[in-house]
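Engineer: Sequence:
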Amino acid sequence: MPKVVSFRNKVFTNANRNLRDDKFHVFHCKKCNNHVLITDMELTDIPRRRTDNAIVFDTEASVVKLNTNAKDEPVVIKREKGVERQWHHFCPECGQLVAYQSCQLNDNPRYFYLVDNNIVWPRFRKRTPWVCKVCGYVCRDSTHLEQHKKSRGHENQEEGRQDDPDAPIAPIIVG
Numbered sequence: 001m002p003k004v005v006s007f008r009n010k011v012f013t014n015a016n017r018n019l020r021d022d023k024f025h026v027f028h029c030k031k032c033n034n035h036v037l038i039t040d041m042e043l044t045d046i047p048r049r050r051t052d053n054a055i056v057f058d059t060e061a062s063v064v065k066l067n068t069n070a071k072d073e074p075v076v077i078k079r080e081k082g083v084e085r086q087w088h089h090f091c092p093e094c095g096q097l098v099a100y101q102s103c104q105l106n107d108n109p110r111y112f113y114l115v116d117n118n119i120v121w122p123r124f125r126k127r128t129p130w131v132c133k134v135c136g137y138v139c140r141d142s143t144h145l146e147q148h149k150k151s152r153g154h155e156n157q158e159e160g161r162q163d164d165p166d167a168p169i170a171p172i173i174v175g
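Following our numbering, the numbering of the sequence shown begins with 1 at its first residue and continues without gaps.
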């Protein structure tokens, strides 16, 4: 008896295009690229600390999930107005200092600080004002945007239609 072979047409669709969650941002260790912090805080709204330019996370206002190894003993750092005690957090893969907090480890800290020099920012999601309104090209700064407009001839053109990211997508089914 001959073998029965059935073929099924492949179905391609874009229905799951918006299922990925863009609300969460992942910070990675600069040395080994291991993820060390996940947050839902908007990247343009993250404040900086004046003393050491560390990135400040308010744990009561946003979700902060850590993947670090914390040191039990505090490190004492001299400041202009006195002494500061910091409990350091290290990358679990390479052991590099990536973050610290100013209260003991068993307490839930209100503020959590990320060392900017030792982490990789999720820059691809950071909002920037330097986007070409004609073609959507993302530039480094305002001079780069002006150079882009001149080189592409976008100086006198009308702005392109920007699609609303929250608008529903009509599925395209092929097959």
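Some hints could be false.
Here are the simulated DSSO-like pairs of lysine-lysine, each with C-alpha atoms no more than 27 Å apart in a straight line [to be verified]: (1) K65 - K30; (2) K31 - K65; (3) K65 - K81; (4) K23 - K65; (5) K81 - K30; (6) K31 - K71; (7) K149 - K133; (8) K23 - K150; (9) K150 - K133.
The calculated label-pair distances, taken between Cβ atoms and stated as ranges, are [to be verified]: (10) S142 - Q96: 47 to 55 Å; (11) S142 - N106: 44 to 52 Å; (12) V26 - T143: 26 to 34 Å; (13) V83 - Y137: 44 to 52 Å; (14) E146 - V56: 28 to 36 Å; (15) T59 - Q147: 17 to 25 Å; (16) K23 - T51: 24 to 32 Å; (17) C135 - D58: 21 to 29 Å; (18) R140 - E93: 42 to 50 Å.
Bear in mind the hints are in silico, worked out from the structure with no lab data behind them. Even glycine gets a Cβ: it sits at the ideal position worked out from N, Cα and C.
Engineer: Does each hint fit the structure? Answer for all of them.
Structural biologist: Against the structure, the hints come out as follows:
1. K65 - K30: Answer holds: K65 to K30 is near 18 Å, not above 27 Å.
2. K31 - K65: holds, 20 Å
3. K65 - K81: With a Cα-Cα distance of about 31 Å, the restraint between K65 and K81 is violated, given a limit of 27 Å.
4. K23 - K65: holds, 14 Å
5. K81 - K30: At roughly 31 Å apart (the allowed maximum being 27 Å), K30 and K81 break the hint.
6. K31 - K71: holds, 19 Å
7. K149 - K133: It holds: about 10 Å lies between the C-alpha atoms, which stays within 27 Å.
8. K23 - K150: At roughly 34 Å apart (the allowed maximum being 27 Å), K150 and K23 break the hint.
9. K150 - K133: holds, 13 Å
10. S142 - Q96: 47 to 55 Å: violated, 34 Å
11. S142 - N106: 44 to 52 Å: holds, 47 Å
12. V26 - T143: 26 to 34 Å: holds, 30 Å
13. V83 - Y137: 44 to 52 Å: holds, 49 Å
14. E146 - V56: 28 to 36 Å: This hint holds: roughly 33 Å between Cβ atoms.
15. T59 - Q147: 17 to 25 Å: Cβ of T59 to Cβ of Q147: about 41 Å, so the range 17 to 25 Å is violated.
16. K23 - T51: 24 to 32 Å: holds, 30 Å
17. C135 - D58: 21 to 29 Å: Cβ of C135 to Cβ of D58: about 37 Å, so the range 21 to 29 Å is violated.
18. R140 - E93: 42 to 50 Å: violated, 30 Å
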